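> One-letter residues, chain by chain:
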Amino acid sequence: MSAEATKAQERPVTAELAKEFGLSAEEYRNALDILGRTPTFTELGIISVMWSEHCSYKSSKVWLKTLPTTGPQVICGPGENAGVVDIGDGDAVIFKMESHNHPSYIEPYQGAATGVGGILRDVFTMGARPIANMNALRFGSPDHPKTRHLVSGVVAGIGGYGNCVGVPTVGGETNFHPAYNGNILVNAMTVGVAKTDKIFYSAAAGIGNPVVYVGSKTGRDGIHGATMASAEFTEDSEEKRPTVQVGDPFTEKLLIEACLELMETDAIVAIQDMGAAGLTSSSVEMAGKGGLGIELTLDTLPMREQAMTPYEIMLSESQERMLIILKPGREEVAKAIFDKWELDFAVIGHLTDTGNLVIKMYGETWCDMPIAPVSNAAPEYNRPWEPTPKASDLDDSVFNGYSEELGDTLTKLFGCPDLASKRWIWEQYDSLVGGDTRFMSGQADAAVVRVPGQTKAVAITTDCTPRYCLADPVEGGKQAVAEAWRNLSAVGALPLAITDNMNFGNPEKPRIMGQFVGAVQGIGEACKALDFPVVSGNVSLYNETNGEAILPTPAIGGVGIMPDAMIAVGIAFRGEGDVILAVGDTANPYGGHIGQSIFLREILGREEGAPPPVDLAVERRNGDFVRGLIREGLVVSSHDVADGGLIVTIAEMALAGGVGAYLTGFDGQHVRVLFGEDQGRYVLAVRPDVAATVQEKAEAAGVPVSVLGETRGTSLSGRGGEIVSLKRLREANEGWLPNYMAAEL
Amino acid sequence: MKAAIVVFPGSNRERDAVAALEAVSGTKPHLVWHRDTELPKVDLIVVPGGFSYGDYLRSGAMAAHSPIMREVKARADQGVRVLGVCNGFQIITEAGLLPGALMRNGALKFVCRVQHLRVENTDSPFTKRYAKGQIVRFPVAHGDGNYWTDAETVKRLDGEGQVAFRYVGDEARADPRGNPNGSVSDIAGIFNAKRTVLGLMPHPEDAVEALHGNTDGKPMFEGLVEALS
Numbered sequence: 001m002s003a004e005a006t007k008a009q010e011r012p013v014t015a016e017l018a019k020e021f022g023l024s025a026e027e028y029r030n031a032l033d034i035l036g037r038t039p040t041f042t043e044l045g046i047i048s049v050m051w052s053e054h055c056s057y058k059s060s061k062v063w064l065k066t067l068p069t070t071g072p073q074v075i076c077g078p079g080e081n082a083g084v085v086d087i088g089d090g091d092a093v094i095f096k097m098e099s100h101n102h103p104s105y106i107e108p109y110q111g112a113a114t115g116v117g118g119i120l121r122d123v124f125t126m127g128a129r130p131i132a133n134m135n136a137l138r139f140g141s142p143d144h145p146k147t148r149h150l151v152s153g154v155v156a157g158i159g160g161y162g163n164c165v166g167v168p169t170v171g172g173e174t175n176f177h178p179a180y181n182g183n184i185l186v187n188a189m190t191v192g193v194a195k196t197d198k199i200f201y202s203a204a205a206g207i208g209n210p211v212v213y214v215g216s217k218t219g220r221d222g223i224h225g226a227t228m229a230s231a232e233f234t235e236d237s238e239e240k241r242p243t244v245q246v247g248d249p250f251t252e253k254l255l256i257e258a259c260l261e262l263m264e265t266d267a268i269v270a271i272q273d274m275g276a277a278g279l280t281s282s283s284v285e286m287a288g289k290g291g292l293g294i295e296l297t298l299d300t301l302p303m304r305e306q307a308m309t310p311y312e313i314m315l316s317e318s319q320e321r322m323l324i325i326l327k328p329g330r331e332e333v334a335k336a337i338f339d340k341w342e343l344d345f346a347v348i349g350h351l352t353d354t355g356n357l358v359i360k361m362y363g364e365t366w367c368d369m370p371i372a373p374v375s376n377a378a379p380e381y382n383r384p385w386e387p388t389p390k391a392s393d394l395d396d397s398v399f400n401g402y403s404e405e406l407g408d409t410l411t412k413l414f415g416c417p418d419l420a421s422k423r424w425i426w427e428q429y430d431s432l433v434g435g436d437t438r439f440m441s442g443q444a445d446a447a448v449v450r451v452p453g454q455t456k457a458v459a460i461t462t463d464c465t466p467r468y469c470l471a472d473p474v475e476g477g478k479q480a481v482a483e484a485w486r487n488l489s490a491v492g493a494l495p496l497a498i499t500d501n502m503n504f505g506n507p508e509k510p511r512i513m514g515q516f517v518g519a520v521q522g523i524g525e526a527c528k529a530l531d532f533p534v535v536s537g538n539v540s541l542y543n544e545t546n547g548e549a550i551l552p553t554p555a556i557g558g559v560g561i562m563p564d565a566m567i568a569v570g571i572a573f574r575g576e577g578d579v580i581l582a583v584g585d586t587a588n589p590y591g592g593h594i595g596q597s598i599f600l601r602e603i604l605g606r607e608e609g610a611p612p613p614v615d616l617a618v619e620r621r622n623g624d625f626v627r628g629l630i631r632e633g634l635v636v637s638s639h640d641v642a643d644g645g646l647i648v649t650i651a652e653m654a655l656a657g658g659v660g661a662y663l664t665g666f667d668g669q670h671v672r673v674l675f676g677e678d679q680g681r682y683v684l685a686v687r688p689d690v691a692a693t694v695q696e697k698a699e700a701a702g703v704p705v706s707v708l709g710e711t712r713g714t715s716l717s718g719r720g721g722e723i724v725s726l727k728r729l730r731e732a733n734e735g736w737l738p739n740y741m742a743a744e745l
Numbered sequence: 746m747k748a749a750i751v752v753f754p755g756s757n758r759e760r761d762a763v764a765a766l767e768a769v770s771g772t773k774p775h776l777v778w779h780r781d782t783e784l785p786k787v788d789l790i791v792v793p794g795g796f797s798y799g800d801y802l803r804s805g806a807m808a809a810h811s812p813i814m815r816e817v818k819a820r821a822d823q824g825v826r827v828l829g830v831c832n833g834f835q836i837i838t839e840a841g842l843l844p845g846a847l848m849r850n851g852a853l854k855f856v857c858r859v860q861h862l863r864v865e866n867t868d869s870p871f872t873k874r875y876a877k878g879q880i881v882r883f884p885v886a887h888g889d890g891n892y893w894t895d896a897e898t899v900k901r902l903d904g905e906g907q908v909a910f911r912y913v914g915d916e917a918r919a920d921p922r923g924n925p926n927g928s929v930s931d932i933a934g935i936f937n938a939k940r941t942v943l944g945l946m947p948h949p950e951d952a953v954e955a956l957h958g959n960t961d962g963k964p965m966f967e968g969l970v971e972a973l974s
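Protein chains in written order, with my numbering: chain A, 1 to 745; chain B, 746 to 974.
Excised from the complex, chain B in its bound form:
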């Protein structure tokens, strides 16, 4: 699997994404600078976390208009898989690859913690290595993760299998705290209609090795490698 990671001024989790992809696929991903207008031929495009352009406008809004995003959209239309994590989710949503919007966290504070998620749909290269309904733990670290779309769209997303992950609490592990940001219907991550694009707030790339405390994010990258190699 060949992968490219798009780097904007202010991106700061590209190193984490590089490490996760390299650990699982054995191949170093390409780093593509935001001013580039061409992407190498790749099977997967990752838009990483961070604060692109400082997020001084609405999160992701500036990056969505950067030259490289036209190319990312064109590739996405051709079926190239796109993974947007955290700020990357905000950027690809602002760019129109996914429906809805990411707003300020309900509590108006940045939140960083390990969060339980439920896998809602496994019919995608991103989620095929999980079981439907499986509870996984990924860290979250964001200030603007409050996903919103109207009730009708939530219903459609559910009906079409476009909800990828939901925030859940886990009483059994003494962590009853679910939804960390007030997002509608506890949505943590969604697919596009063809399930070739995934955007999510939590960070699977920071849950891939023993040092991270759990490796629940690893199956996502393994599934991608399996599907795209």
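Bound conformation, chain A alone:
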């Protein structure tokens, strides 16, 4: 390859080419103004990815700024590779959730695998050893012809990557809805732990310091991946398969070990992974944050393919690569570590005082433009938005004509796609490697992973109820945060902070932008009220195909802490004779909000009404009460009330433990009390000898608690006899997904 051959491949830079690269006419004019000339082909490529929605957050930034991001526990909020939170004893937890939606739809195995790889790098680049992965998945209707293939590929990809790198995948959530037929969501979260005095940031410093490239070689994969993720899908999107990257978890595992080993030395000034927009965003962000320039000479950069152009190298999204600024003279120390781990290591440039990004190769300069003006000029839009009209609540007339036996209804619900056991999925993930996992998936409301070498543990959950968010983005956003907070409290953890993964449709449509704005408002209100700040996040817009948007899905990843992993309580009933208590508002008298409930959708066939409102003060009071009981050792089993309402919650606890329940608390109640999805509630099982104590404490705390029954037998039963056997529920619950996946297309 030569300069001449490179030029022969380049296309003339025009407004048309800029449009093809995803820049609007106005954005292109802006680029011309900043440079005072026509950009080179390489520069145009770099500007277009820097200003893409994916990298610039241009539609969302103005709203994300309104979120609460601080608190005494927060060491580093949004803006770095991941959020950092203090967990005491000089330890920090570092975490983030990120989407890989578009690639996963086009190539599910590699799309999902590289999603896991990318989020792992965001966490270990800050100095943390990853201790847990989670994921939040949304697929289209099970009847859609692509769904089975997508489920199969995504799950295999997540497992293939996470299992190999040796980070346990400890939980997650999976929903199905026709709104995701053309745009599935694959949101992956990694949690790591580090010492608070050994956290690494990305701001470059030190003029002349060497810029080092480590990890895999660069190929042509993923070029313009960030641009793809910033546009709607159309019929021909599958032709974009070549823009999906290919993952190599083995190299990632080596990269984790090598980076952590290098971090034990004092050689690093700054470090950042090459994620979306690869070398472009890593070099520009590092230099930009340090207020410096950076000069790269790409001839010595490790390449997987021949005859690559500077444009291709700068835009490649090849995986498992990191950019490091070293202290002067530490190249040999660093190289020895990467040699040991058999990874590529190359000094590819140095920091300068020019403030410019300079790219040299084949003896010529292909890019020489000022970083700050280009970064600062990244567009920021306050897009027009319309608030989502409020839906009205449903009255009892929706139940007209419903006369099914309770046992039949429960069996149907337990076999419906959203409530069916996801064992088929999570048994493909190694959830135990590391030896610090407290619960297998499905056994607790939040995953509990011990901090290696210590007794304390981190609790992790991911939550969002997209059908609530569609009906009312503000309440839905609140609910997603509240449920994460509740799930952490339900295992006995103190909730610390969240990461938000905002998945929405096309922000250029005021209705969609209104969903985003509403969700951010709800999330912000809940975070403030619950002292549960946002420390990292990711926005994925344009999740639309042929104009059909997904359900608004602000997935929330919550993290909490507990002093001892063994304090944690799971959902399973653990023996007969325990008293089953409902904690939470018993207006009506046990609640009964049926709008947007699973019962309404699955049994009555309607998706309507307002979602259950969230009273954040009640949420906090009830959660603090439950956590306190668990910390005092008074609780045997604990489960928050979510999809399906109280009766489904109890049945899940029974199934998890193989112990039934004799229920007396529902006698004479309306069916909406059984299935209503009112918020801020928990079901607990406590030993009979402490039941009175618990009730006294509840009264003192002003928390409504009522007795629903006791653990007994191998079925759900009441004064009228058996409602449904656990065997029948289990068959429905465990059967759906394996049968679905085994069926012929």
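No wet-lab data here; the hints were simulated from the structure.
One should not assume that every hint holds.
Said to hold, decoys possible - Listed next, the in silico DMTMM-like pairs over lysine to aspartate or glutamate satisfying Cα-Cα at most 20 Å (straight line):
1) Lys727/A <-> Asp915/B
2) Lys340/A <-> Glu783/B
3) Lys877/B <-> Asp895/B
4) Lys939/B <-> Asp781/B
5) Lys340/A <-> Asp781/B
6) Lys877/B <-> Asp822/B
7) Lys327/A <-> Glu264/A
8) Lys773/B <-> Asp788/B
9) Lys65/A <-> Glu380/A
10) Lys747/B <-> Glu967/B
11) Lys727/A <-> Glu380/A
12) Lys456/A <-> Glu954/B
13) Lys422/A <-> Glu602/A
14) Lys61/A <-> Glu27/A
15) Lys854/B <-> Glu264/A
Claimed, not checked - From the derived model, a few chain A residues whose C-beta atoms are all more than 10 Å from chain B:
16) Glu20
17) Gly71
18) Asn163
19) Ala205
20) Ala617
21) Val690
The model shown is predicted, which means the values in this text are computed figures rather than measured ones.
Glycine included, every Cβ here is placed at the ideal spot set by N, Cα and C.
Here the structure of chain A is known, so what remains is to put chain B in place on it, guided by the hints.
Chain B alone, transformed into the frame defined by chain A:
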């Protein structure tokens, strides 16, 4: 008891093995890097789980040819006890320390779950603390655990007491699921002829403390400490 754990690029359960050995023996095991050609003087060598070299060739095939494995084989020939777990089982089998081969799981999927096993032979330092026929629970986490050998060899392994563990279901505990990977004759783990080498797919090292939900793996390490101290 002194123990060494061999670490390959891509090993990922060495920390679990360190924790289990240290908890039971009170002594930190040596970690030996795959490029080393010498092993310290030890009573037990553990080849841990993971994805050595990414398992991009047949699982364990690359690691079996790494320099340190020549030394492991030489020590095994001298009677030093060798425990290969999961990828370690694949590696020592590929290296010829045990007969047979590990193939892709029958269902073609990775499987991670707590699995019931029956202890088949207790005449070894690995299994002496169990009762013959005892049902224990160890987690499994593998994609290539489908043990295969020909019928004649299965018969010989049974006859010579070389089958260490078999997968079983447990109706009593509402977990009827046995063999998770399609392995021949439900074999989960085997010994060499002298019962000084044990290879098994399940992870006893992830069942040694209350946090793991059960401690059925602990007697394996206690038996080793008792026999080798």
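> Now, for every hint given, state plainly whether the structure supports it.
Quick rundown of the hints versus the structure:
no., hint, in the structure
1, Lys727/A <-> Asp915/B, "holds, 16 Å"
2, Lys340/A <-> Glu783/B, "holds, 17 Å"
3, Lys877/B <-> Asp895/B, "violated, 25 Å"
4, Lys939/B <-> Asp781/B, "violated, 27 Å"
5, Lys340/A <-> Asp781/B, "holds, 12 Å"
6, Lys877/B <-> Asp822/B, "violated, 27 Å"
7, Lys327/A <-> Glu264/A, "holds, 14 Å"
8, Lys773/B <-> Asp788/B, "holds, 13 Å"
9, Lys65/A <-> Glu380/A, "holds, 12 Å"
10, Lys747/B <-> Glu967/B, "holds, 13 Å"
11, Lys727/A <-> Glu380/A, "violated, 56 Å"
12, Lys456/A <-> Glu954/B, "holds, 15 Å"
13, Lys422/A <-> Glu602/A, "holds, 18 Å"
14, Lys61/A <-> Glu27/A, "holds, 17 Å"
15, Lys854/B <-> Glu264/A, "violated, 37 Å"
16, Glu20, "holds, 37 Å"
17, Gly71, "holds, 29 Å"
18, Asn163, "violated, 6 Å"
19, Ala205, "holds, 32 Å"
20, Ala617, "holds, 35 Å"
21, Val690, "holds, 22 Å"
In this structure, the earlier hints numbered 3, 4, 6, 11, 15 and 18 are contradicted, and the remaining ones agree with it.
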